[in-house]
Every structure is written in structure tokens, then in C-alpha cells.
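Chemist: Chains as they are written, first to last, in the numbering used here: chain X, 1 to 520; chain G, 1001 to 1284; chain Y, 2001 to 2317.
Some hints here could point you the wrong way.
As the list claims (entries may be wrong) - Chain X regions said to be covered by chain Y (calculated; three or more residues, Cβ under 8 Å):
id : stretch
1  : 211-223
2  : 233-245
3  : 283-291
Hints were generated in silico from the structure; no laboratory data involved. Here a beta-carbon is modelled for each residue, glycine too, at the ideal position from N, C-alpha and C.
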Amino acid sequence: MKRSFFLFTLILLALAAILGACSGDRGGATDDVPSVSDNMPPVEEPIRGGEIVVGIAQDLGSSLDPHQMVAAGTAGLREVLFNVFEGLVRPTPDGELIPAVAEDFTVDGNVYTFTLREGVRFHNGEPVTVRDVIYSIERSADATSVSTFVSAFSVVTSVEALDERTVRIEIETPDLEFLAFLTIAIIPEGHDDQARRPIGTGPFRFVSHTPQESLVLERFEDYWGAPAYLDRVTFRIFGSGEAMAMALHAGAVDIAAHLTADMARTLPSEYYYLAGPMNLVQALYLNNAVPPLDDVRVRQALSYAVDVQQIMDIVADGMGHPLGSGVHPGFTRYFHEGLVGFYPHDPDRARELLAEAGLADGFDLTITVPSNYTPHVITAEVLVEQLRAVGVNASIDLVEWAWWLSEVNNARQFEATVIGIAARDLTARSMLERWVSDNGRNFINFDSPAYDAVFAAAQAATDGAEQVRLYREAQEILAREAASVYLQDLTNLVAINAQLAGWRFYPLYVMDLVTVHFVG
Amino acid sequence: MQNAELRARAMRRRNFTLIIGLVLTAGLLLVVVGGNLLWPFGAAEIGAGGRLDSPSLTHLFGTDHVGRDVFARVLDGAGTTLLVALGTVLIGSLGGLLVGAVAGYFGGWLDEIVMRISDGLTAFPSVLLALVAMSFTGAGMWNVVWILGLLFIPSFARVARGEFARCRNLDYVKRARLIGASHLRIMWVHILPNTLPVFLSTVAIGFNNAVLAEASMSFLGLGVQQPQVSLGRMLADSQGYLFNAPWVAISTGAAVVLLVLAFSLLSDGLQRKGLRRIRFLRKT
Amino acid sequence: MRYAIRKLVTLIVTLFAVSLLAFLAFSVIPGDPAVLQLGVNATPEALDALRAEMGLDRSVFVRYFEWLGEMMSGEMGQSFAHGVSVRELVGDRLIITGSLMGMGFLMTLGIALPVGVLGAGGTAGRCEHRPLQGILTGVTQVMMAVPPLFLGLVLTFVFGVTLRVFTPSAFVSFRESIGGYLFYMLFPALAIALPKAAMVVRVIRSSVRDELRKDYVQTAVSRGNGPRAVLYRHVLPNIAVPVLTFAALTLIMMITDSIVVEQVFSIPGAGRLLVSAIGARDYPVVQALVVVIAAFVMVVHAVTDVVARGIDRRIVF
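So here's chain X without its partners, still in its complex pose (with noise of 0.2 Å):
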């Protein structure tokens, strides 16, 4: 037994000396603080072909449905699909919309014309007809399907084939969004397996999907556009940003997006990182339905309570954009920056305001998380030291995102929560129409008969800069309610394997894979 002790002593020392080992590995790296990594994308000539591993930590649901998976709140499948579908116009890295099954439209007033680009096909073969347009709109329309964007389609009044190659569709009063809602999915007519088998027109054909495990996607040989450059995509599904960051570091993964500063800067050689924004609305999401949340006092003690600046630092060594409200920097016609910095961090005020709601010995708060992503994570275990700070005495209840969605978004049965919130399109109205009193997407209970007011007369404006100063003052009510503790749109580290060069930030929460590219 004598022996025994001593063995275990010479473990403990062993141990030691591999702690001191590493420890000389790297002193004070935390002092340079590169906006960028060293390494830079590689200039050379992009090459055709090759595989990549794309590293997400969102487990991408039950269904691929590309009208379904807004429901889901699933922004992670977007990012996904966004190479396999596209509409009759798409975005651009700028924030413009440009035609793309289409290949030339018109506007007059509530009509919109499109004509067909010749010789789109799907990926089954079959070529995009009008049939297969109308279809696909009429199915997002319809309210007793399964599409997400029946409340932005609700205004369709008659879409109709005008030839072989025109659509025409009519709404009920010209609307200054409705483009924007057109990037959805053309689909082919009679395929009813998009939910397992996506068919699209983009870049890249669906192949397979595993859940919790992998989603393959392969170059579409007969796009009508500039062909992808890779072979082969396989999105390689992590159960937390930290498997990810693991496998990142060991090579295993080519690309993976939203890390933290600290898993991106000390990537090996072999990987250079690029810093853009995320496009999401982060903040503490509070329930505004449940005491003593639904004291606007209270509320606004805690946005006081909050020091943004210190998230930011420990995040993402300070980089990302401060939000004062529900608009992320991405929207650059509506954001309202003047908004920023509308609750400072001021504890004292917090603590005053407390006092005011009756609070003054605090109160306990649970917040909800989702595991997965890590920035929220850390986001929350922050917070949850700020709030103490003022005498809030909260903890965190760390969940599965299937479980968010349902418990969280769904059932709405939780207290606050971490989380960062996308558009799908460029519409200040897909940021701002889910906070109307009674919208589906509601889930925070947000209940102000002003800004219903404000939101409907923005949505029925016909002149531009009238309905940029609505939504601008929808804004204002938000803030102003403080309806959530908004934090910042986070700034998207992207790790990219050394002989990649292409990618492209988009000011939508989006994976853009067609011009990403191995160089020679």
C-alpha cells in the first residue's frame, strides 16, 4: 500500500509537470488582439473541383421544407439551404435583390411581371415552368399548408401565367416589401417530399441528411449561373460549439462559422478567419407576460443592469455591434442608430428602478438557453454576474434547441432566454411585424397598442422615407418598453482552411458556398 501512495504522488507530479509544460506554450497572447487573424485568404487561382467539411453546431430539425423551416426558427437550416433553393430574385452580399429564376421583372404599382430566365432547371432534371412558379406561391400563400409566409402572402390577390415564360402577380395594394419576399423557394409541382428531399434550383443538389449527424450536398452540373467551384459539401452537425472548435483545431473541419474569439485566434497555421457581422438581434428575450416582467420598470432595470461592452470583450475580444433595439446594422435603410446606448450601464439606476417595481431585495430569473451555441452560452454566464451585480438572483437553464423551440417559442413557457433573432429576408418587416401583439412569433407576449399602431401604418405606407420613419419609430417603442434587453449583433468569426479563398459575408444570416473555392 506504501507503493501505492508513492505511485500516486509521482501521477500528481506527472500532472504537474504537464500543466507547466503547457503553460510555456503561450504567454500574454490575449495582448494582441488581431481584427482579423495574420493569415490572409489566399490570392492564387481559384481551382474547379474538391470536397470541404462545413462545421454547424444546430441540429437542423424535422423538416427541409424550404417554405416550413422559418417555423422552426430554424435560421441554422437557412444558412444551409440558402445553395439549395432559390427565388425569383435573390440577394446580394450588398443587400440588393437581383433576379434569378427570373430573369428580368417589372413593377407597376401593385402588379409584378416576371419573366422566366430560359433553361433554369431543377435538380430532378426537369426544366422551371410557370406552372412550377405559381405553384410554389400559392403553396406559401396557403393557410392551411404548412408554409411560414402566409402572413406575407396574404396580400396575393391573383398570380396568373401570361405566356409560356410571364408570370403575373397581383397584390391588394402596392406593398413597398413584397419583392423582397420573393426570394422564396421555386419548387417543382407534384414533388411532395421536400420536407426529405429538397429539390431546388441553386448551386448545389441535396444529397443526404442524417440527423444530428451530416448534410450532404454535391454541385448542381446544370445551374443556369456561374457553376459552383466544389464537388462536394458535407455540413458535418456538432452536438456543442465545443465538439466543433475541437474538431476545428485538429483539422478536421474546413470551414465552421460563429465561433468565439477565443476558439478562432489561436487556430493552427492552416486556417485564416474573417470577422463580419452575424445579422441577428442578440438579447436577453424577456417574457413580458410573466410577473414581474410585466412591469416596464422592471424590464428597464435590467437593460440598466447590463454592461454590453464587457459581453463583447470576453465574446469576441470586443468586436460586434451594440443594439439599442430590434433592428440589427445588416437593414442599413431602417436601423436606428441613435437607439444604441439608450439604456448605458448604470447599476445604480437599476437598483433605483427595482425599488420603484417594489423589488428592492431582487428577485429570481431563469433563463433559458439553448446548449448549442456557444456565444450565447457565454453571453449568459455573464449576464448572469451582471444581474447579480444589481441584486437580480438568476440562473441559467441550459436546453436542447429542439426543446427551446417548443417550451421556449412554441409554448412560451419560460421567464427570459439568450438568443439571437434573423431575418429571412431584408425587410425591416420580417425584424419587426413577429412583435405585434398578437403574431404567432409573439413569443416574448410583447403587448403595446402603440406599436401595433405604429406597425400597421408603416406596412401601409406607400411613400418610402414615410415608412422608414415608422419603422424607425416602431424601434423607438421597443427600446423605450424595453420589451427585451437587447445586446448586439455578434460578430460572426468564420474559420476557413488556408487553401479556400471566396467566401462572402452576406447582411442576412446566410451560408454562401458558390464562390468558395480551392486555389492552385
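Given the coordinates of chain X, assemble chains G and Y onto it according to the supplied hints.
Modeler: Leaving out everything else, chains G and Y in the frame of chain X:
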């Protein structure tokens, strides 16, 4: 077989396993309690140092991805683990003692039923059952404690039953019954003290299992929830930084190993002590 | 043989009981799965329709027998979260987890049996290698205390990060490459096997020690048999049953270990599915996996019993 005899005699003189186990357990308890009181950094203190600083004299085990002192977190996490283990073992051992004592002492159909149920339950790994139970209750420290506690009852009951059934037929117990002592008195005064050495060793192994169970469950995200610090959760977080900050994983894991080792040595030592006593009793 | 048949019947009956228990347990849970899927704003009609589609409008027993039919046919019910049959969700996962545990078990035996027997030889022989014995005791004691989840991280750090022998988190499916698959699984299997091997070694050594105290051993020795002959001819066959029983027990303990280790090594196995289904309250998936695991546990127990009895009968002194 002289050698075996010699060694047995040597072991009789000194129970080193027990001594090491006791010293290690006491030492760890001292470090955990003392460290939590004296260590300058709090476990939740963000920005106690830079992010992912390597170990130094200021931060013995370095800092984590939020700039918290890992040593302070290991101490706090070990505290949580010990608390969970204590609660679990308390529920398990008291419940098990009660059930096992009644079943073993009275025997008969009651014994049969109790043992069938406990056979059924012990056939499955308790961590697995606890994980499944979490789908009903949701995660959280107290849920872990009572669920694991309940699941630990059968194994304690089995030991208690064996001991009570063994002692039931000892001469002095029969004699006590003859002079009219009540069942309760016999169980409490005459049998219980006799079962203690064996039972204590089971308690120690219970701690051992509870530490492992808590660490595994929290690692899987179905155990202790933040901001409560837990060693399992720290290990899960450390995975993402295994390449650039392995000290978080290594020091946290080493803490788990030490705790488990301490309790298993303690249990072995107690068991050896108990066996020797029984052998001694049989001889006389 | 008759014993085996009786065992088989008991096994089937118990399995039915367990399936009923599991089904009832999961049907009394609070919360309406329909609301969870459609949200609070869903119309009552839509909710009713979904409930009907999920079969929640019928009585528990009707549903039980339907589900039982599905379990037997291998479809295993419908997942709430994924909308596909559990069978489809499980895919290769049971094979992956099964082979992980199988590899772990083989490694456990491969390490423990030689080490245990050689160690026991030292105990039995006159020339005890006392220092070696001490080291063996120490190593087994420490190895037993290392949880597989930490051992997994250590193996990843040593072989994946430092030595770069394998690529962490880069699971290779056996459908892509059997060799690559087996090589990747080597490390998680080792993480499971080492602590269990330490346990088995300990059981072997203590069984040998106990056995050596018995009278028949003394007799055999006094008849002039050498210590090694006694060990191999008498002692080891005698301890085979308890050791095998214990080894079978480690196979059951490995269920939990493989759940944890799959998480550490990013292996898409049944364990990872179970954990995420528990987290997502995807009850049909949990239910089905619980029954599969229960069947596995009971089969292991039954087979161990039958085999142990077989060995016992053959050995006559």
C-alpha cells in the same frame, strides 16, 4: 501458504488503505472548505484574470474562457459535487437501511418483494436511469440529488438486508428476543452497530459512485445547472479549449480523479476492517 | 438446456412488463405535445388534428398495443422532434454504440485477463515480485478512479492534440471506411476499457487470494503439486465463474460510459441520440431506446446466468 499468512498478519497490524483513504479524504475536504474560504478569487468572478491565462502563481490552475480563476472554480465545483454526493448518499443510505433492515430482519414475502424490485433496479446502471428521469423533471442540482438518492436505495438496501439477515440468527440476538426485547430495540441496539463496518464501506462506495454520476450527468448537460459550478460542466466547456488551454480540462479532471480515489480507498479500507472483524467474530 | 429455455421464457415475460412500465411512465408526463409543436396561438381544431395524428386521442392501452406492434416491427414509433420514425432516426447508431461497447469489452478482457492472471501468478508463486505487486495494486486503484469522460479527454489530448495519431472529432463512418472507423473507435473504446480492466484485474486478484485460503488448495499443495500447477489447474477454473459474471456486469456498466464517451469523441451513436432526446423531451425516442437498452441488459444477465451454470456443471472436483 506461509506467505499469505504472513501478509495477512502484516495487514492486520496496519490497514494502509484505510489510512491513505482517510488522509486523502480529510485532506481534500480541508482544501475544498479552506480553499473556498481563503482563496482570493471567487468562482464566478469574471475578469479575475485574462481569458485562458496559463497557470501561474496568481492563478494556480490558470483561467478559463471567461477569465475566471480555474482553481477557485475547481474548489467550488468540488464543493458542489461533495454536496450532491452527501445528499444522494444520505437519501440512499437512510432509505436503504430502513428498507433493508425490515426486509432482512423479518424475511418472508416482504423480503422477497423488496429484493425482487431492488434486483430489477440494480440491473440497470443508475446513471442511465437518472438521465432518463431527467426528461421528466428537467436538470438541476436538487433534482439530481433526490433522483440519484432514490436510485441508490436498492444497493444500500441489499447490503443492509444481508447484514440484518446474517445477524438475525446470531445467538445473542436470539437471546435478546427470548428475554422479550422489542423488534425495534433489537434492530436498533443489537444489530445496527454490528452492521456498521460493512455498511460504512458501502457508504464510502456510494460517495464514489455519486461523484462519478454527478460529473457524468453535468458533463452531458443533464445535471447541475449554471451558475452553480460543477466539475462535469467545466469538463464539457474545457473541450473547446483543449488545444489552446488544456490546463482547464486537466486540473478539473484531476480533481474528479482525486475525489473518486479518496472515496474508493476509504471504502476498501473500511471493507477490509469490517471483514477482519467478522472473521474475528467467527473464530471466537 | 431446460434451464436455458426457462430463462428465455422469463426473459420475454419480463421484457413485456418493462415495455408496459416504460410506456405508462411516458404517457402520464405533464405537458401537451401538440401545443409544444404548434405553439400557443394554434387553433383548437389544429391542436385536435395533430393530437389525432399523434394518436393521443385514443386510450392508453390501445396506444400501448399499437406501439408494441411498432416496436416489434422495428419502426419503434414516431419521433416528436424529427417527425420521422425512430427506426430511421436510429439508423446506424445502435451498430455504432454496439461496436463501441464490443470493442471496449474485448479490450477490457484483453488487458485484464493476462494482467490479472500474471498478477495472480505472482501471488501464488513463492517468489512474489512484491514491488511489482505493489505497483499493480496502485495502478489498478488509480485507473479505477479515472472516469471515462476524463480519460477520453486525456486520450484526445495525448494522442489527438500532442502526438497527432488521430484526428479528434473526425468520426469516420464504417460505411465510408471500415479501417478508418475501427481506428477512430480505438481511442473511445480504450477510454471505456481501461477503468473497467482495472476493476476486472482487481476482482481476479482478490478471487485468487480468497481461493488460495481454501482447504482444497492446501491439500493439493500437500500432495506435491507446484504452486503454478495448483493455480492453473485448480484455482483459475474455480474463479472463472465469478470473474465472468463480473465481466458481464462491466458490459452493462459500459452503457453509461459509451453515452459519455460518444459525447467526448463526437460519435453519432445511440448514446448521443438518447441524451439529445432526453434534453428535447422527445419521449417516443427515449421510450424506444429505454426498451432496447432494457432488452440488452436482460439478455446479458440471462446469458451470463446460463453460461455460468454451464461452466459450473462441467467443473467437478
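Chemist: So, against the hints stated earlier in the document, which numbers end up violated here?
Modeler: 3
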